[in-house]
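As a plain string of letters, each chain reads:
Number of protein chains: 2
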Amino acid sequence: MAITERASTSLSLNFKRIALISLLFVVGTASGAQFDAPYYVLEKKHAETWEQENKTINNKLASLEKKHGKKPNIIFILTDDIGYGELGSQGGGAVRGAPTPRLDQMANEGLLLNGFYSEPSCTPTRVALMTGRHPVRTGLTDVIFPGNPAGLAPEEVTIAEVLSEAGYATAMYGKWHLGEGEETWPHSQGFDETLFGLYNAAVWAWETPGETVMWKDDHTPEMFNRSVLGTLDARKGGKAKEVAPLNLETYKYFEEETYKRSVDFIKRNTNGEKPFFLYWASNAVSYFTSHPDWEGKSPQGTHFGDQMMEHDHYVGKILDTLQELGIAENTLVVWMSDNGPMYDMFPESSYTAFRGGKSDVLEGGVHVPAIAWWPGVIQPNQIDAETIHVVDFFTTAAKIGGAMDGIPTDRIVDGIEQSSYLLAGTPSRREYMFHYSGPKLGAVRVGQFKRHMAGGHGGLPGKAFFDVYKDPREEHGVMVQMLWAWVPFDDIVSMHNKAIEEYPHRKPYQSKMH
Amino acid sequence: MAITERASTSLSLNFKRIALISLLFVVGTASGAQFDAPYYVLEKKHAETWEQENKTINNKLASLEKKHGKKPNIIFILTDDIGYGELGSQGGGAVRGAPTPRLDQMANEGLLLNGFYSEPSCTPTRVALMTGRHPVRTGLTDVIFPGNPAGLAPEEVTIAEVLSEAGYATAMYGKWHLGEGEETWPHSQGFDETLFGLYNAAVWAWETPGETVMWKDDHTPEMFNRSVLGTLDARKGGKAKEVAPLNLETYKYFEEETYKRSVDFIKRNTNGEKPFFLYWASNAVSYFTSHPDWEGKSPQGTHFGDQMMEHDHYVGKILDTLQELGIAENTLVVWMSDNGPMYDMFPESSYTAFRGGKSDVLEGGVHVPAIAWWPGVIQPNQIDAETIHVVDFFTTAAKIGGAMDGIPTDRIVDGIEQSSYLLAGTPSRREYMFHYSGPKLGAVRVGQFKRHMAGGHGGLPGKAFFDVYKDPREEHGVMVQMLWAWVPFDDIVSMHNKAIEEYPHRKPYQSKMH
Chain A
-1 MAITERASTS LSLNFKRIAL ISLLFVVGTA SGAQFDAPYY VLEKKHAETW EQENKTINNK
59 LASLEKKHGK KPNIIFILTD DIGYGELGSQ GGGAVRGAPT PRLDQMANEG LLLNGFYSEP
119 SCTPTRVALM TGRHPVRTGL TDVIFPGNPA GLAPEEVTIA EVLSEAGYAT AMYGKWHLGE
179 GEETWPHSQG FDETLFGLYN AAVWAWETPG ETVMWKDDHT PEMFNRSVLG TLDARKGGKA
239 KEVAPLNLET YKYFEEETYK RSVDFIKRNT NGEKPFFLYW ASNAVSYFTS HPDWEGKSPQ
299 GTHFGDQMME HDHYVGKILD TLQELGIAEN TLVVWMSDNG PMYDMFPESS YTAFRGGKSD
359 VLEGGVHVPA IAWWPGVIQP NQIDAETIHV VDFFTTAAKI GGAMDGIPTD RIVDGIEQSS
419 YLLAGTPSRR EYMFHYSGPK LGAVRVGQFK RHMAGGHGGL PGKAFFDVYK DPREEHGVMV
479 QMLWAWVPFD DIVSMHNKAI EEYPHRKPYQ SKMH
Chain B
-1 MAITERASTS LSLNFKRIAL ISLLFVVGTA SGAQFDAPYY VLEKKHAETW EQENKTINNK
59 LASLEKKHGK KPNIIFILTD DIGYGELGSQ GGGAVRGAPT PRLDQMANEG LLLNGFYSEP
119 SCTPTRVALM TGRHPVRTGL TDVIFPGNPA GLAPEEVTIA EVLSEAGYAT AMYGKWHLGE
179 GEETWPHSQG FDETLFGLYN AAVWAWETPG ETVMWKDDHT PEMFNRSVLG TLDARKGGKA
239 KEVAPLNLET YKYFEEETYK RSVDFIKRNT NGEKPFFLYW ASNAVSYFTS HPDWEGKSPQ
299 GTHFGDQMME HDHYVGKILD TLQELGIAEN TLVVWMSDNG PMYDMFPESS YTAFRGGKSD
359 VLEGGVHVPA IAWWPGVIQP NQIDAETIHV VDFFTTAAKI GGAMDGIPTD RIVDGIEQSS
419 YLLAGTPSRR EYMFHYSGPK LGAVRVGQFK RHMAGGHGGL PGKAFFDVYK DPREEHGVMV
479 QMLWAWVPFD DIVSMHNKAI EEYPHRKPYQ SKMH
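Protein chains in written order, with the numbering used here: chain A, -1 to 512; chain B, -1 to 512.
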C-alpha cells in the first residue's frame, strides 16, 4: 500500500496573517468551550473549511455509531520518557538494540504522528492529557516527588469525567503521578476502576511500608527515609487499597499487571452497552528492573531495552485483542510518550535525535513519538509531521465521544479539536504552540519557527529563534533572519497573556497527604 | 501487512569467539575471490549455516532465471550527502519540511537497511561501490577536487566490468567523481553508455570552458580560475563529448536529465536478451540550485528541501516504470546515500540524528540511509539494523548476476556477499567493519561495539570505545567498561594488517588530465 506522507503547508505566510488578524480580534466570542486566544484567530480564518470538515466528521461519527450501535471506544497508551527516534519506524528500534516491531506495525497500519508534542516532563504531560489544559493553568507545573503536596485539583475536569458523563465505562491502569491525596487519584477523577502507582521508577522506593528496599540493601540515610505507597487498587466511590509495596521486586511485574488489567477491562466491556475509555499509563520505561521473561532479551543489554521490547509486545497484544474481539473498527488507539529521554539515567535511558531531553523545551524534551490507530477509519501507511499537542487529545476524545458539551466553559482549554486531522487527513488545526517550562513560558512555536523565551540577552530578550525544519537540533540561532517575526511573535504571546488575565491560573492545589 | 523488524543477535559473545578463532586461522585459504582476513573466521564459524543459505539462494536465483528467462536486472541509486534520519521512514521527511513519500513507500514495499554503512565521503564511497574494496586499497582515499590527478586505476575491476562480462547491458548516469582522465571515466570502466559529471555541486563551477559563472557574477580571482568539465556523454569504446558546461543554469536540470536517461535505458532494455545494470548516481543533493518545477516546493524553504522532493519523486517514477513494464519482479533496486550530511553548507545541508557528518567516521559520517526493493523477492515491510557496508553491494551484485567468477582473485575484495541477507532474511554476514578515514584506519566495529583508532592518549592509543546501541551519538566513551575487548579488537586489526602485507595497497593512480 502506498505511504502517504502528508505535505506540510508553509505556515510562515499564515503566520503573518495571524498576526495581522490578531489586532482586530476580541477574546472569547465563541460559544461553548473557551479556548486560548490565538485559536480564535485560526477559527475565524478557517471558518468555512472547518465547518465543512466538521460536517464530514459528524457524518462519519454518526454512521459509525449507527454501524456499531454505540460511540467509539477510546484507548490512550501513555509511555514514560521515550524519545523521538526510538521507534524502528523513526530510525531507532533495532538500531538501538531494542526492536519495536509491533509499534512499527501499529504505525504502519495507522498514522505516525511525527509532529506530536508533549509537555516537558511526566506530571505536566499527565495533567495536560487529563484536563486538556497546559499545566500552568492548574498550577501543577512540575514533576511531583514523594512528599510534595501538589496534586490534581478536584475542580479540574478530566477526560474520564467528561466521557463518564457521556456514558463511557472508564479505567486507568499504570502510573498516575498526579498527587498523593486520595482526592487526586484516578477513582476520584472520573475513572470507574483503576490499578495504579503514584510514581514510576523504583528509584522512589528508598523505603516502603513494611519493607525497606533499594539496590537490594539499605544504604539510605535514615533522615532521608520516607514512606511511599505502592500499587493501589480502587473503584469509583470506594477507597483505594494498597495491594503491593513499591520495591524492585514488585516493580518488575507492574507493566505486565497493568497490561493484563487493560486487556481484562477491554474484554469485559466488549459487548456491554457502554463504549469504553481506557487510559493505560504504561510503566515503560522505568530503568531499574526487567521482567524475568524479558531480562537480557534486548541486544542493547539494558533494562531500558528489555522494557521497550516488553512494552512493544504488550501494545501488539492489545491491538491483537481488539482485532480478535471484532471491535478494532470501533476503537481509536493513541500511543504516545510523555516527554523526551531522561539522560540522567544513561545508559539506562532512552535517546532522541533532537537536542535536549526530559525537562527541556528544546525539541528533545517535548517532540516525542506518537501513533494513532483505528482500522477502517484512520487510513493506514500515513507518516505526518504537522504539529499536534498532547492537550489536543482531551478535546478530540471529547468530540469522538460525543461529549463536547462536557468540556467546562469557565476556564481556558488549550486542547484543539483534531478529529478531522486524525480521521479525515485534513490539516492539523494547531498552527501555534506554547511550550511551558515549569511555570514560565519557555518557547513559542508557529509553523516551522520556534522562539525560545529565554532570559535577557543584552537588551534582546527572547532572541533565540530557530527554524526547526532546517535545524531540528536547534543549534543555529537565526535571530537576525527572524527579525521580521519579532513583533508577530510578541503579538501572539500578548494575546495569550491577555486571555490569562481574563481566566487567571488556578492557585496550586494542595493535596491531602496519605 | 505486518512489519518485521528483525531482531539483532547479540554479537558480543560471537566477538569473543572470533578473537579466539583468529589465533588458529591462516589467511587466504579460501578458493576464488580473496576477502579480508576476519571474513574467513566468520566463514569457518558459520560454514554449515552459510552453505545451507547459499543453496537456498542458488535455488531461488535459478528459479527466478527460469521464470524470467534472464538474470535479474540490478539498479543502484546512489545519492549525495543525505544523512541517516532524513527519510520520513526514519523520522525525517515532513519533520524536516521535505517529505519523502515515495522513498517511504519504497522502504515500505521492501527492506529498510537501517544498518547500512558507507565510506565517509563522496569519492571513497564511489570507489567502494564500484570495486567492492575499501578506497585505501586503491589509493583513492579522499574526495577528488578539480585539478587533482587522482583517479580510478584502469587495473581496478568495477562491478560494471564484472556484470558486462557476465552478459549485462550497463549504464551510468550522474555524478562520477572518480577522476579527470578519460581512462578513469565510466565508459572506460565497464559502462556501455553514460551521461555524467565529474563532480557534484555547482560549487565547482567557478569557471567553465566558454563561460565564466558563479553566483551569477564573476568574483573569482583569476589565479584561482580553473577549467572544469561539464556534462559528458560517452559510450564504451568511444570518446566522451562535453554536451553542457558546468554552471548554475545547467545544473538545475542535471538530476532530471540523468533520471530521464535512466528511465530511457530501462525501457530500451526491458525486452532485450540481456539483463541490465543501471547505476544512477543522483545529483541529490547539490545545494545551490532548484529545478524550476521544484523551486520553493519544499516547506523547508531550501534548495536542499526542493531537491529531496524532486529526487524522491523521480525514485518513485522509476519504481512505477519497473512496475508498468512488468519487470519489477526481476529487478533489484538499491537506494543508498554516499555519506552523511555536509554541515558546512548549513542551512543548505542534510541532517542526521547521529554525531558527526561527511568526512567523519563517527556514525553521522558513515551510517547512512539505504533501502533494498525487489517485489516478490524481498519481503515488504521490513526494517532491519544489522550491519551491511557499501562494498558488500559489489559482491552481492556479482552473486545475483551470476558473476562471482568475474571478481578478481589477485587482490583483497572487502565486499561480503549478502544475497541471503537481502533476499532470504537470514542474518547479515558482516560482523566486523573497518572505517577508514582517508588513508588511516579510523574506527573498527564489531557488533554493537566501535573502537575509534584515534591518536595516542597518554599511553592509551585507540581508547575511544563506544557502544553504539546504548549511545548512538558516540558521546559517552566506555573504555573502562571495554577493557575486556582491548586485545580482541587488536587481534582483528592485526589480522587485517597482516592481510595487507600479503596484498599491499595499490600505489595511488595518477590520472591523465583532460
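Do not take every clue at face value.
If you want the footprint, here are the derived chain B segments under chain A, 3+ residues with CB under 8 Å [said to hold, decoys possible]:
| id | segment |
| --- | --- |
| 1 | 337 to 343 |
| 2 | 379 to 386 |
Pairwise CB distance ranges (calculated) [to be verified]:
| id | chain 1 | residue 1 | chain 2 | residue 2 | range |
| --- | --- | --- | --- | --- | --- |
| 3 | B | K265 | A | E63 | 38 to 44 Å |
| 4 | B | P290 | A | D488 | 45 to 51 Å |
| 5 | B | A60 | A | G294 | 56 to 62 Å |
| 6 | A | T47 | B | P290 | 53 to 59 Å |
| 7 | B | P502 | A | Q479 | 37 to 43 Å |
| 8 | A | G374 | B | E240 | 34 to 40 Å |
| 9 | A | D318 | B | G423 | 37 to 43 Å |
| 10 | B | A60 | A | D318 | 54 to 60 Å |
| 11 | A | K68 | B | G423 | 28 to 34 Å |
| 12 | B | E327 | A | Q377 | 39 to 45 Å |
| 13 | A | L323 | B | D403 | 46 to 52 Å |
In silico negatives: residues of chain A with every beta carbon more than 10 Å from chain B [unchecked claim]:
| id | residue |
| --- | --- |
| 14 | E46 |
| 15 | N52 |
| 16 | S87 |
| 17 | D102 |
| 18 | G113 |
| 19 | H503 |
Calculated directly from the structure, the hints in this document are not laboratory data. All residues carry an ideal CB built from backbone N, CA and C; glycine is no exception.
Query raised in the report: Using the C-beta atoms of A60 of chain B and D318 of chain A, is the stated range 54 to 60 Å upheld?
Result: violated (39 Å)
Query - Coverage of the segment 379 to 386 of chain B by chain A (three or more Cβ within 8 Å) - result: holds (count 5)
Query raised in the report: Residue count check for the segment 337 to 343 of chain B against chain A: does it reach three with CB-CB under 8 Å?
Result: violated (count 0)
Query raised in the report: Are all C-beta atoms of chain B more than 10 Å from that of S87 of chain A?
Result: violated (7 Å)
Query - Status of the stated non-contact between D102 of chain A and chain B (beta carbon gap over 10 Å) - result: Check fails; 4 Å does not lie beyond 10 Å.
Query raised in the report: CB of K68 of chain A to CB of G423 of chain B, is that within 28 to 34 Å?
Result: Distance hint for K68 of chain A, G423 of chain B is violated at roughly 43 Å.
Query raised in the report: How does the Cβ-Cβ distance of E327 of chain B and Q377 of chain A compare with 39 to 45 Å: does it lie in that range?
Result: violated (27 Å)
Query raised in the report: For E46 of chain A, which was marked as not at the interface, is the minimum beta-carbon distance to chain B over 10 Å?
Result: holds (23 Å)
**Report entry** Cβ distance range 38 to 44 Å for K265 of chain B and E63 of chain A, holds or violated
**Finding:** violated (52 Å)
Report task. Can you let me know if the beta-carbon spacing of A60 of chain B and G294 of chain A is within 56 to 62 Å? Result -> violated (41 Å)
**Report entry** Status of G113 of chain A, Cβ more than 10 Å from any chain B Cβ
**Finding:** About 7 Å separates G113 of chain A from the closest Cβ of chain B, which leaves it inside 10 Å; violated.
**Report entry** 37 to 43 Å as the expected CB spacing between G423 of chain B and D318 of chain A, which holds or is violated
**Finding:** The hint (37 to 43 Å, Cβ to Cβ) is violated, given that D318 of chain A and G423 of chain B are roughly 23 Å apart.
In this structure, the earlier hints numbered 1, 3, 4, 5, 6, 7, 8, 9, 10, 11, 12, 13, 16, 17 and 18 are contradicted, and the remaining ones agree with it.
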